[in-house]
Amino acid sequence: EAQVTQNPRYLITVTGKKLTVTCSQNMNHEYMSWYRQDPGLGLRQIYYSMNVEVTDKGDVPEGYKVSRKEKRNFPLILESPSPNQTSLYFCASSFISSGITGELFFGEGSRLTVL
Amino acid sequence: AQTVTQSQPEMSVQEAETVTLSCTYDTSESDYYLFWYKQPPSRQMILVIRQEAYKQQNATENRFSVNFQKAAKSFSLKISDSQLGDAAMYFCAYTDSWGKLQFGAGTQVVVTP
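Heads up: the sequence lines are chains C and A, in that order. To convert, count from 1 in the first sequence and add 35; that's my numbering. To convert, count from 1 in the second sequence and add 2; that's my numbering.
Below, computed lysine to any residue pairings styled on SDA-like, alpha-carbon distance capped at 20 Å:
#1 K102(A) to I51(A)
#2 K102(A) to P96(C)
#3 K102(A) to M85(C)
#4 K92(C) to D98(A)
#5 K102(A) to S102(C)
#6 K102(A) to V95(C)
#7 K102(A) to D91(C)
#8 K102(A) to D94(C)
#9 K100(C) to T50(C)
#10 K102(A) to F130(C)
Hints are computed from structural coordinates only; laboratory data are not their basis.
Kindly produce the complete structure, drawing on both the sequences and the hints.
This is the structure in structure tokens:
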């Protein structure tokens, strides 16, 4: 089954404790991206990757890191989480064909709470 | 910078009726793509419809259709014959060829029997 898998789905942590949210897709997609969803703000792009070893900042990259060592995986790292990073996070992927023309496949979301 | 604006926080519609959700965007690009995504209470993001900017013809997917006005930078979604299962948050989204995808704040659609 084609899917984007995020883990963990729910996490409560404390300020300053490093955490990683994993994202894996089994569709051989070149493009992967992370978003955070906050009430009244919609989804905002954190980072995206057009292919292995190629990553770029989205609109809200501060406080986050990513890496793309393998095509299927795109982990989101919070080195020192703060309460303002409490949010719902989505990973998504798609094929690239002269731009982002394909359907964007989303993971089921990861609810992160930073105390 | 591109921005996507959805000016309607919530829209209510009766079953079998039609509702139109508005979306405007700002860009200096000529080549871009527009989307409408649906997010039901399950939180799953579901692609509803996609429009390529170079295509003049409005996209249609069953009961969902768009009114794409490139000069006005407007991209509205019409839901015809509304069903209870259409109740969800709807997001308008824009992307250019470089991978930066931007979403609007969303419109909550409430369907009443």
